[in-house]
Amino acid sequence: MYQGTGVRPPYARLDDWVAAMPQELRSLKQAEAEALFRRIGITFAVYGEGGDPDRLIPFDMFPRVFAAAEWAKLERGIKQRARALNAFLVDVYGRGEIIRAGRIPARLVYQNEAYEKAVAGFVPSKGVYSHIVGIDIVRTGPDEFYVLEDNCRTPSGVSYMLESREIMMRMFPELFRENRIEPVDGYSEKLRRTLASVAPKKCKGEPTVVILTPGHFNSAYYEHSLLADLMGVELVEGQDLFVDGEYCWMRTTEGPRRVDVIYRRIDDAYLDPLCFRPDSMLGIPGLMDVYRSGGVSICSAPGAGVADDKAVYCYVPDMVRFYLGEEPILKNVPTWQCGKSDDLKYVLDQLPELVVKEVHGSGGYGMLVGPKSSREEVERFRAKIVEDPGNYIAQPTLALSSVPTFVEEGVAPRHVDLRPYCLVGERIELVPGGLTRVALKEGSLVVNSSQGGGVKDTWVLAE
Amino acid sequence: MLSRTADNLYWIARYMERADTVARLLEVGSRISLIPSVHGYRSEWDSLLQATGMADSFAKKYGDPVQRNIESFLFFDRDNPSSVASCFTAARENGRIVRTALTTQVWDALNTAFQELKALERTPRSELELSRLTEWVMRHAAMVRGAIDATLLRNDGYNFLNIGYYLERGDNTARLMDVKYYVLLPRVDFVGSGLDNYQWTTLLRAMGAQRAFHWAYGGEVTAAKIADFLILNPQSPRSLATCSAGLVNHMGRVAKAYGRETAAQDKARVLQAEIEGATVEAIFEEGLHEYLTRFIAEVAVLAQAINEAYLSGEMR
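Listed in order, the protein sequences are those of chains A and B.
Number 65 in UniProt numbering belongs to position 65 of the first sequence; there are no gaps in the numbering.
Number 127 in UniProt numbering belongs to position 127 of the second sequence; there are no gaps in the numbering.
Just chain A, with the same shape it has in the complex (with noise of 0.2 angstroms):
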């Protein structure tokens, strides 16, 4: 927020509203927000890290907030993100252009776990994979903005940027008064619209969307079933659906009901039992070949995470000049890939200087920041990581920006990361905003809920 000695631009009325806000009120208005989230019951453990269904996520009310220009780009970059990563997706499931033309190892798509060799050769509806891209990024300074990770599976947290959103306007009318701020209420109506865009050929007429969940144990239900509720389609388990002939049908009071897009919430592995693994529970037997024939679209696609991968991840600026002709807009951070010699050499030599990441590994579990860590733990990840370099990558740690938030003592710097949600179907599209994650231990680079990190509101103001 504060640059040199004075406030940056897009934060100058936040300042005043902070001074004004006295030390009883703002404890009341905190106790205030809680209580909403309980009642309403959002509960979620961001990004999939698991544990209890019930657990609510701590909230900041202090807002994190870009300037319009700075949205600008960010959007622009974004967009042309995702349509790298899906033009990827559409080229290694096919003629595999971009391995021919050496910008991308074979091995790193072909022997990828993600890689689905059940989808070779298969362009699914409208030629997208990936439908809703989660984004992971980080600012380095005033205009300069890295990409961390690229989500294209099925990536959460989308709730969290809707019910803040929600309940700040409750608590703080005033502020939407004073501050021109885009709204982002128009998300689940984009996201119906990009659903039913992709629906398959052997659809005619209005497409029947449904959101397939693992369940109410899943620590994302919660958000699985507001998502349902604001699109107005049904909330689906695997049991409630079945494939008969060619097409895949739901279980209603009335009879079956054809299902033509789903828009899954459960992983690969899971989706059909006679495709993938026999033991689950969770699937509908047959649904594979249903989608490979065109009786249903699968969102995000099966196959999808072969380009979120972090050994692929170094690729993705690779991506964007391959396929688009265009120069990144986004920088990715730069990542060193154990796999090969060199760079292992330079990470083993810098360890305590760097963040070290499973390449599979997710929820800030898995990883060593170097930096923050004793001797001693260093020391334990060498031995892992000598053991299976090709596991792990590794990064500098970065200059990451912090932003105003509400602490014990008044208002101190944190560090933030964002993700906003880029809807890929007939057109590409976002919402002005996204999650913005806070790493509430003071000098914590980890904004991983599971690690103490919290959630805040993200605004956009309006030229």
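Among the clues, some could well be false.
[As the list claims (entries may be wrong)] The calculated SDA-like cross-link candidates involving lysine to any residue, where the alpha carbons are at most 20 angstroms apart (straight line), are:
1. B/LYS256 x A/GLU254
2. B/LYS256 x A/ARG257
3. B/LYS61 x B/PRO81
4. A/LYS372 x A/ASN448
5. B/LYS61 x B/SER86
6. A/LYS441 x A/SER373
7. A/LYS79 x A/ILE428
8. B/LYS118 x A/ALA35
9. B/LYS256 x A/GLY255
10. A/LYS345 x A/CYS314
11. B/LYS118 x A/LEU56
12. B/LYS225 x B/GLU290
13. A/LYS79 x A/ASP143
14. A/LYS441 x A/VAL407
15. A/LYS126 x A/GLU206
16. B/LYS118 x A/GLU34
17. A/LYS441 x A/PRO371
18. B/LYS118 x A/PHE37
19. B/LYS225 x B/TYR181
20. A/LYS79 x A/ASP318
21. A/LYS73 x A/LEU324
Since the hints were made in silico from the structure, they are not lab data.
What you are looking at is a predicted structure, and each value in this text was computed from that prediction instead of being measured.
Based on the hints, put chain B in the right spot on chain A.
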């Protein structure tokens, strides 16, 4: 609507109504136990457990039917699927599963009851009067019911909720009346005595129907009037007549909305016709206990038919 959604709605209603009845049973039991005890006969609490069909599982776990154990078993015990705690928890869990089919207010009512239940479970038992517990249950059951009536769309989901309510309520009224049978079993000569009337009155009071009964019948409390009130009177909100009429109504609305009748509608109509054609004299002729037992069995058959027609998702 999804069969599973309908099934969950139906069970939310059944669990809430069941918890309400269990609370009312506790009320009956504690009031009956306040009258001078009938030495040498089975305990009133035991008769209460007999009527709910839970006597065996209680005996296995607790042994003697003393009040404190009964309270534990009927209110707090999670091993007892019909305890208030089990029912409230299951209803809230079902509500969480079908949140998209409920309004915020209905969810709020279910969730608030659950959160308060957790607080009650942490409270020392010495601080919990039985009357406080039973009133608490009835209040929350009423809040859920009220939120449903005030805010829910009158669609098929609303009908399935009501089908659950009426089915469970009819079944429970029959079981509550049956408590009388077990209490009176030892000595037929109690019938018509002061003790007998006190027990009947207690039963009415537990159903929150004591004053309503007096408005409807006036004068003296007799077994025949009470049977008429609780079985045959369509004015009585808990009577078997009211419940069967409610079932026929809501199942008719489902059939109309779907443009299709099933075996379940037939069974409901038969049940209703049987009650409408009955008289108190005929019921007493058959034997009140026998009549109620038969009714409970018929309700179970109807529940099975509803399940097959709408809730299991198996029909094609």
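Exercise for review: Take the C-alpha atoms of B/LYS225 and B/GLU290, compute the straight-line distance between them, and say whether it is at most 20 angstroms.
Suggested key: Cα-Cα ~18 angstroms, so holds.
Practice item. Take a quick look at whether A/LYS126 and A/GLU206 sit within 20 angstroms of each other, Cα to Cα. Key: It holds: about 17 angstroms lies between the C-alpha atoms, which stays within 20 angstroms.
**Study point:** Pair hint B/LYS118 and A/GLU34, alpha-carbon separation not exceeding 20 angstroms
**Key:** 18 angstroms, holds
**Study point:** Restraint check for A/LYS441 with A/SER373, where alpha carbons must lie at most 20 angstroms apart
**Key:** Judged against 20 angstroms, a Cα distance of about 15 angstroms means the pair holds.
Review point. Straight-line Cα separation of A/LYS441 and A/PRO371 no greater than 20 angstroms?
Key: Judged against 20 angstroms, a Cα distance of about 15 angstroms means the pair holds.
**Study point:** Restraint check for B/LYS256 with A/ARG257, where alpha carbons must lie at most 20 angstroms apart
**Key:** With a Cα-Cα distance of about 19 angstroms, the restraint between B/LYS256 and A/ARG257 holds, given a limit of 20 angstroms.
Point to revise | Straight-line alpha-carbon gap A/LYS79 to A/ASP143, limit 20 angstroms | key: 18 angstroms, holds
Check your understanding: Is A/LYS345 close enough to A/CYS314, meaning Cα to Cα at most 20 angstroms?
Key -> The hint holds at about 18 angstroms.
Exercise for review: Would you mind confirming whether the straight-line C-alpha gap from A/LYS79 to A/ASP318 stays at or under 20 angstroms?
Suggested key: 16 angstroms, holds
Review point. Is B/LYS61 close enough to B/PRO81, meaning Cα to Cα at most 20 angstroms?
Key: Holds - the C-alpha atoms of B/PRO81 and B/LYS61 are around 14 angstroms apart, at most 20 angstroms.
Exercise for review: Assess, step by step, whether the Cα of A/LYS441 is no farther than 20 angstroms from the Cα of A/VAL407, and give holds or violated.
Suggested key: 9 angstroms, holds
Point to revise | Restraint check for B/LYS225 with B/TYR181, where alpha carbons must lie at most 20 angstroms apart | key: 16 angstroms, holds
Hint compliance for this structure: every hint is met.
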